[in-house]
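Asker: Given chain L's structure and the hints, the job is docking chain Y onto it.
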Amino acid sequence: EAGVAQSPRYKIIEKRQSVAFWCNPISGHATLYWYQQILGQGPKLLIQFQNNGVVDDSQLPKDRFSAERLKGVDSTLKIQPAKLEDSAVYLCASSRWSNTIYFGEGSWLTVV
Amino acid sequence: SQQGEEDPQALSIQEGENATMNCSYKTSINNLQWYRQNSGRGLVHLILIRSNEREKHSGRLRVTLDTSKKSSSLLITASRAADTASYFCAWTMEYGNKLVFGAGTILRVKS
Numbered sequence: 001e002a003g004v005a006q007s008p009r010y011k012i013i014e015k016r017q018s019v020a021f022w023c024n025p026i027s028g029h030a031t032l033y034w035y036q037q038i039l040g041q042g043p044k045l046l047i048q049f050q051n052n053g054v055v056d057d058s059q060l061p062k063d064r065f066s067a068e069r070l071k072g073v074d075s076t077l078k079i080q081p082a083k084l085e086d087s088a089v090y091l092c093a094s095s096r097w098s099n100t101i102y103f104g105e106g107s108w109l110t111v112v
Numbered sequence: 001s002q003q004g005e006e007d008p009q010a011l012s013i014q015e016g017e018n019a020t021m022n023c024s025y026k027t028s029i030n031n032l033q034w035y036r037q038n039s040g041r042g043l044v045h046l047i048l049i050r051s052n053e054r055e056k057h058s059g060r061l062r063v064t065l066d067t068s069k070k071s072s073s074l075l076i077t078a079s080r081a082a083d084t085a086s087y088f089c090a091w092t093m094e095y096g097n098k099l100v101f102g103a104g105t106i107l108r109v110k111s
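Taken in order, these protein sequences are the chains called L and Y.
Read in our numbering, the first sequence has 77 at position 77, and its numbers run on one by one without any break.
Read in our numbering, the second sequence has 32 at position 32, and its numbers run on one by one without any break.
Chain L extracted, bound-state conformation (with noise of 0.2 Å):
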């Protein structure tokens, strides 16, 4: 089974520039997540998709960051304009409802 496909790896960008993430979970797997983790820190949930549909927002910051999850499968995460605070690694997961949940590599964003 492949696992949760995540790109890009690294990206660096200036602040006030524009990044998008992508996410391609596991077969199968209705639910979908964005966490962000900053170094040094847990994981904190961004997003939360059941099928095409968002569960719980409640911590994404609205005014620079969206999140689509087109079709129920794969997913997109943006950030618009990004700031200095947003340096951290961008996890995506996916689960089946109410099981274990299976996160990708990640992607390492840094903002000079």
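All clues stand as given, with none of them false.
Just some of the chain Y residues that point at chain L, by a computed CB distance under 10 Å:
| no. | residue |
| --- | --- |
| 1 | Arg41 |
| 2 | Lys98 |
| 3 | Ala103 |
Just so you know, these hints were derived from the structure itself, not from any lab.
Nothing here was measured: the structure is a model prediction, and the numbers come from that model.
By construction, the Cβ of each residue, glycine as well, lies at the ideal position given by its N, Cα and C atoms.
Answerer: Structure of chain Y alone, referenced to chain L:
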């Protein structure tokens, strides 16, 4: 904050010793999971314990769950240098299937 606590924040032990990490959370949960994260890598799922279970084993891992105290512990027996990593507990809240992470414990196993 929805995040609980993990202790210790960092743990350094000799190879062959046991390592115990503790996790506390604040809400009613469906299950609690433990993850390992090697430096620069994604999270790897280790073990899941459901709210109606008290103890679970997987290889050298032993997890306990006390829902009355809202706490869990992860024991790694006979540690190896390859166990060096950050360990995170995460709990699925009772409603909504939201997975919330603790702050993690950094484990260093010296050979």
